[in-house]
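> Model the full structure from these sequences, guided by the hints.
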Amino acid sequence: MTTYAPARTQPIQEWIYRHRSKLLALLAFTSIFILITPALWLVLTSFKTNENIFRFPPQLFPNPFILDNYQEALNTGNFSRYLLNSAFITVTATIICVTCSALGAFALTFLNFYGRRIWLSIIVGTQFFPAAILLLPLFRMWAQLGLFNTYFSLIATYTATSLSLCSWLLVGFYRAIPVEVLDAAIIDGCGKLGMLWRIVLPLSVPGLLASAAFVFIGVWQEFLLAVTLIGDPELRTVMVGLYGFITEHRIAWNLLIAASVAVSIPTIVIFGLVQRYIVDGIMSGALK
Amino acid sequence: MTLAQQQVMAAQLSVNRSQVKRQRAIRENLLAYLFLAPTILAIVVVLFYPIISMIISSFYSRPTLTRPSVFIGTANYLEVLNDPIFPQVVKNTVLWTLGVTFGQVVLGMYFALILHRRFPGRWLARMLVIIPWVLPGIVVAVTWRFMYSQDFGLINLFLRSIGLESMAQSWLGNQQTAMPAVILVGIWKGFGFYALMFLAGLQSIPTELYESARIDGAGERQQLRYVTLPLLKPVAVTSSVLGLIWTSNYFDAIFVLTGGGPARATETLPMFIYNTAFSFYRTEEAMAGSNILMLIVLLLLAFYMLVILRRGQGIQRQSQDGAQ
Chain A
1 MTTYAPARTQ
11 PIQEWIYRHR
21 SKLLALLAFT
31 SIFILITPAL
41 WLVLTSFKTN
51 ENIFRFPPQL
61 FPNPFILDNY
71 QEALNTGNFS
81 RYLLNSAFIT
91 VTATIICVTC
101 SALGAFALTF
111 LNFYGRRIWL
121 SIIVGTQFFP
131 AAILLLPLFR
141 MWAQLGLFNT
151 YFSLIATYTA
161 TSLSLCSWLL
171 VGFYRAIPVE
181 VLDAAIIDGC
191 GKLGMLWRIV
201 LPLSVPGLLA
211 SAAFVFIGVW
221 QEFLLAVTLI
231 GDPELRTVMV
241 GLYGFITEHR
251 IAWNLLIAAS
261 VAVSIPTIVI
271 FGLVQRYIVD
281 GIMSGALK
Chain B
1 MTLAQQQVMA
11 AQLSVNRSQV
21 KRQRAIRENL
31 LAYLFLAPTI
41 LAIVVVLFYP
51 IISMIISSFY
61 SRPTLTRPSV
71 FIGTANYLEV
81 LNDPIFPQVV
91 KNTVLWTLGV
101 TFGQVVLGMY
111 FALILHRRFP
121 GRWLARMLVI
131 IPWVLPGIVV
141 AVTWRFMYSQ
151 DFGLINLFLR
161 SIGLESMAQS
171 WLGNQQTAMP
181 AVILVGIWKG
191 FGFYALMFLA
201 GLQSIPTELY
211 ESARIDGAGE
221 RQQLRYVTLP
231 LLKPVAVTSS
241 VLGLIWTSNY
251 FDAIFVLTGG
261 GPARATETLP
271 MFIYNTAFSF
281 YRTEEAMAGS
291 NILMLIVLLL
301 LAFYMLVILR
311 RGQGIQRQSQ
321 DGAQ
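Residue numbers (the numbering used here), protein chains in the order written: chain A, 1 to 288; chain B, 1 to 324.
No lab work stands behind these hints: they were computed from the structure. Beta carbons are placed, not taken as given, at the ideal position from N, Cα and C, and that holds for glycine. Incorrect hints may appear among the rest.
Claimed, not checked - Quick look at which bits of chain A chain B covers, simulated, 3 or more residues with Cβ under 8 Å:
(1) 100 to 109
(2) 117 to 129
(3) 212 to 225
(4) 251 to 263
Next up, the structure:
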């Protein structure tokens, strides 16, 4: 009886059903390709000579394929100095932030103390204070303290603004430590400090690395605070340096594009390394 | 040992025990606050102090050489609210926030639904889809400034090569196209995050539900309509409320692409505050504007908490029903 046969015995639907994983792959990669075309175009352009960038019809693949743009961008003005500034500020802020949150999150997760819930919600809540609100008051405060235009102001600001997310992620990772392990440690007479040092920290190395990666990426790419709190061209971060290519009278597109690709590499590499942990961390934080 | 002696000993023991307990509690409190001290200090000094001082200053007049700053009540706020450009700014902010969040949720959902299915090369697709989200904000802005460029941007080159020369234009320089153009950039920057969130949400849906739906005769489309989407709704609601907070305050892209122009067509509230403070040097008004923005964020946050709380109660009720 044909009426009872499943609908997919019709030839086309049968064909679709049989090849559905390939069709899905086709659909997925086509949509992704369309969406990341701008980024691909940027990377391709970074290897082109200046006259080929502005040619019509456009040149698809760089020919000749050159690395001069990267070399020139690095040697233009203070760009290598900006890279060093950014590296110093980012690494310092990341280390301070992760150290503080590793201790703070331990207290919030494993210690019973007065006001624990309140502090947890205050610390987690501060991540909703966006930079847009903080720009002006921070600018005023650092200026009044005479710390405007210093590495210190930027590092302190980045540390404070990253602490919330970092503590939140670490609380998530700490909570994932099996209770049995902690109970066994307590039975063996391990104190709270020993618990932190011998159990919690060693077991949370992936979590600590993931949180550090998250802070690093956030600080490395931050722009608005950096452009507002630093006026001295010598102290600029690399993102402000990039913006410098734009605001000058004429945009040096070949250098701007090569520099943009170069400064994206650290974030992409780091994200690729810890992607799994970051997704876990966000999910545990967001859904709990 | 008599009963009385035993009682005395027991009492002494319990006194000792409660003393030990109290000492331990005090020590634990000290240790906790010692560990939390750096975090609390940083947050109070670098976040709370400036915000509180901003709230206070916003009720005072600007000090001049001859006149010290005096309390003027809500005058700064009225100045902002009566600024002739303010309605336009509010309109821009709402358009930007809703447009970007809606686009991100739709695209994120689309990719999550595709990437949840099995197909060859899925791991690669999953990595590629979050590239725009991982790129630094300034790089995203540079990318799109290049794309939108009038003479050599990829969009205009494409239009020209398919014979639509007349449509090629300065996308960011035109008042009509500037806002849609920056909204597109906002969507592009953030949809990967939603794709990740929704993907994780999809993975948490038990497969038994699909099995029983299939046994009940549900086709692919009905499974999507009656199983996937309803169960994904909580994740979608919470992440889009967070997205609204984040997007309404995000202006890196606008800052680099248009700076709020042309003719203030893309000036959202944060951009307006920035321009008021750092281009026009009207600090007190900018502070009043920041406080208005902060109020909006707090309201959205309260809404978010409400959603989470209601969901928590819902889950509790369900589990109670299940127990009965």
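> Where does the structure disagree with the numbered hints, that is, which hint numbers, in rising order?
none
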